[in-house]
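Below are the chains, spelled out letter by letter.
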Amino acid sequence: MASTPSRTPPPKTNRIGLTVLDYRGGKTTLCAGCGHNAISERIIDAMYEMGVPPERVIKPSGIGCSSKSPAYFMSRSHSFNAVHGRMPSVATGAVLANRRLIALGVSGDGDTASIGIGQFVHLMRRNLPIIYIIEDNGVYGLTKGQFSATADLGSKLKTGVINDLPPIDTCAMAITLGATFVGRSFSGDKKQLHSMLKAAIAHNGTVMLDVVSPCVTFNDHEGSTKSYKYMKDHEEPLQDISFVPAFEEINVEYDPGATVEVTMHDGSHLRLRKLEEDYDPTDKINAIKRLGEAHDKNEVLTGVFYVNTQAPNFIEMLNITDEPLATLPESVTRPGREVLEKAMEELR
Amino acid sequence: MATTDVAPHQATGGVQPKRVVNNMSLQVATVNGSGSQSSNTVLLRSIFQMGVPVSGKNLFPSNIAGLPTWYTIRANKDGYIARKKEIDFVIAMNPETAQEDVMSLDPGAVVLYDEPLNLSKLRNDLIFYSVPYDKLVAPVCPEAKLRKLVRNMIYVGVVARLLEIDMAEVEKAIRKQFAKKVKAANLNMAAVQAGFDYAAASLTKQDPYFIQRMDKTRGKIIVDGNSAAALGCMFAGVTVVTWYPITPSSSLVETLIDYLKEHRIGPDGKATFAVVQAEDELAAIGMVVGAGWAGARSMTATAGPGISLMSEFGGLAYYAEVPGVIWDIQRVGPSTGLPTRTSQGDILSTAFLSHGDTKHILLIPNSVAECFSMAQDAFNLAEQFQTLVFVMSDLDLGMNNWMSDPFEYPTTPIKRGKVLTKEDLDRLGGFARYKDVDGDGIGYRTLPGTDHPAAAYFTRGTGHNEKSQYSERPDDFEHNMERINRKFETARSFVPRPELISNAKTKVGIIAYGTSHWAILESRDQLRKEYNIEADYLRIRAYPFTREVHEFIEQHDRVYVVEQNRDAQMLSLLKLDVRPELVTRLRSIAHIHGLPLDARSVTDELISMEGK
Ligand SMILES: Cc1ncc(C[n+]2csc(CCOP(=O)(O)OP(=O)(O)O)c2C)c(N)n1
Ligand code: SF4
Ligand SMILES: [Mg+2]
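Quick mapping for you: the protein sequence lines, in order, are chains X and B. In our numbering, each residue carries its 1-based index in the first sequence increased by 655. In our numbering, each residue carries its 1-based index in the second sequence increased by 1.
The hints are simulated quantities; they were obtained by calculation from the structure and are not laboratory data. Treat each hint with caution, since some may be false.
Each computed EDC-like pair below joins lysine to aspartate or glutamate, with the alpha-carbon atoms no more than 16 Å apart [said to hold, decoys possible]:
#  : chain 1 : residue 1 : chain 2 : residue 2
1  : X       : K944      : X       : D933
2  : X       : K939      : X       : D824
3  : X       : K997      : B       : E263
4  : X       : K944      : X       : E954
5  : B       : K271      : X       : E971
6  : B       : K181      : X       : E1001
7  : B       : K271      : X       : E978
8  : B       : K177      : X       : E1000
9  : X       : K997      : B       : D406
10 : B       : K173      : X       : E1001
11 : B       : K221      : X       : E1000
12 : X       : K997      : B       : D259
13 : X       : K846      : X       : E891
14 : B       : K271      : X       : D977
15 : B       : K221      : X       : E996
16 : B       : K419      : B       : D441
17 : X       : K997      : B       : E409
18 : X       : K846      : X       : E696
19 : B       : K173      : X       : E1000
20 : B       : K217      : B       : D79
21 : B       : K416      : X       : E985
22 : B       : K576      : B       : E552
23 : X       : K944      : X       : E931
24 : B       : K530      : B       : D605
25 : B       : K184      : B       : E172
26 : B       : K177      : X       : E1001
27 : X       : K944      : X       : E932
28 : B       : K360      : B       : E313
29 : X       : K887      : X       : E954
30 : B       : K221      : X       : E1001
With the rest of the complex left out, here is chain X (with noise of 0.2 Å):
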């Protein structure tokens, strides 16, 4: 007989002393395979290995398959699943009244690119802290599989339709618009989804990602651009990315020729190993032309597109105090008797 006990070695925790079970959701209703459980999964791990208190964050989402997905991770962060395509707006104002609350919006092409795209296009423009992830299937996932605005000309539905319009590229247009931190991945590029989700957590502004993510049940089939197989095919990766969080040492050394090293608002560095020569991910209107050129020539091009770390939020371009507005006490919110009295002196 053993004259040990053998005991279960402690669950391996993070750096606020939770296990990444402590990051875990409901069990997901999402068809087997979708590309969506695939995100929840980075986004646990990232979050996990962040060490994000999950009190602090919140999960705003909009209407569709993705924008159930906040159910399956992070019960103990608040959801908020709100009304078709108006995420941003129910996002915008959680952040205001708690500037202290890490928001990871989760949106999908038909919330953001159709119903959605006018309060997409000004959140990008105020600079909100939030992560803002499109779950990116090309489809209607929810509704059963009509074609949605990010879908590629002369993409087709099970039914044989083709798609005779031209997608919009979100990254594209957040770029253009003033997001901070873009980039664009795919749910099955495990390593580069998982990267840029950490780094996503170190941006002080709004990230913007564009995760490619298959529906399994509507549009994986041939002739679709936005299935696994398509994306085996056609990726692109601009960048081999890596992150170093502010609060691990660094000891691998990079060769600053072949490496744009960023260093995040919290002093976390991110790295990515040019895969392509003289990519300037700070440079905006490359950006943009460089998405271009991928549409034309038929890749799907993932990695950081653009990053900015000195533009100040819309938090902190709106000065508000660093007490979250919510919990102001009456003393704060409630101006004197004195003050009510001059006001009707002046009416008088």
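Since chain X is already given, all that's left is putting chain B with the ligands on it; use the hints.
Here is chain B with the ligands on its own, set in the frame of chain X:
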């Protein structure tokens, strides 16, 4: 005309006509953008400062410059401040409308006109005074550019002389109007003086109207409803304000911004508020809902078209139970309608805003004082009941100047409703968001950011159970909807109670709300004096209706519901609420023409429906 006992046009040749003191309606007809607003305010204030009850109503076009505008000042010793149909004294400055302005007057009315308009030819049953504005303005205002603006001040001087308004009060009003601009004040005062001197030298008083000092405005203030609401919101502790400009609500938020910047910057130099001009009303309400959900006192202000756009979010906030305050400064619909005219036309659509079984709390102020006090009520009720509260003001109240007693500093502390803190959760271990723990239908909520592992819940507009988990179960859905309805029933005893102006238990009762109130006060006196009818009066101040509303209907044989819309919207709401056998007692007096309600219209219609 109200003063038919005089025949002033015959009273020439030094015979003093009968004096009509502190009882007149004076209308200035100009084009908008001509700067007449300052002159009119000075005139209004001067009368106010002489202690005479006064009201000013601006009838303006949906246009920036060049279209006809009428500003009506009513001075009334008995305190009637509703719009009066008949105009006693017209100041005709607008060549385009001058003819019509003159032709529509009752015999005996007074016309003060710009000399070149030559209006005295038009009728021989009116009193005419002509003023050569261009000749008078040139010497006082050497700078030709400014003459257009200063010109209007001349009529203030002429009127002051004719009506015997104290020039010292006019000067005081001018100094107030141009508070920090001494040069402008001097220039304008010179124009007033020029008008006064001209009238003294060249006009012979022929009309019977006089303003005489009284003591009925002492201590009072003059303010518009939107500014009053802005002040109210600031003292209610608003923290997040979102808006999309729309007449007649814009000035509410613009004034609020000024007040907040002045009084709500913390010792760190940072704002204890956030104001966002949103991209549209969908975003404005979305931000209100997001902020309310996260614990802020959030609000927006809009008008009918904005309310229509807010519909889907209205339902979300109702069903997901999120607080927020929405000011609807009602204007005339449907559609863009008459954007610069007043109505009470959004009552029904707002009460039931959004699809499904949705009902909202409405508060209905009738005065600037209630714009101030109901701001406090609205935020408290929104947070206590975890729902949207709509404050149904209107253009007449919001944009016009009203006399009022000074506002009272809020006497009750801010009520934040049922919010569980980290400490509460430590004690309780957990909570069910939509469980009716206290029997009032209202659950407990937590705010995002609460540092407790059991704090989070999933907010959704989809079907949910007590724990706010997704549910399509019929029983979950029914229970939840019944509970939300219970909340609404509870609200009946928390919303502002109606004002019962008189309840002598006569046969005839009047129910009205909002700005219709002022016409009703006067109409009741007309009914008494002219027809010997004593009508009781109840003023509704909120929806859902309180007990008193039902009792009032029960106690009267015939209840006239007076409102400013076409479809008898409040009456329709009452029909849904009262016992079926009482429905036949309700009769509608509903008017919609864009002008504030006047007493005479109410009296005439009530009398004809009474069969007298
Ligand atoms: C106002 C409104 N219109 C239409 C719908 C129906 N609807 C639900 S989800 C959806 C599209 C969702 O597409 P997407 O955002 O791409 O999400 P996916 O399901 O593909 O992840 C639509 C049109 C709705 N919920 N609300
Ligand atoms: S329908 Fe498509 S998008 Fe929706 S869950 Fe299934 S695979 Fe995912
Ligand atoms: Mg989609």
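Worksheet item: So which of those numbered hints doesn't the model satisfy?
Response: Per hint list: zero violations.
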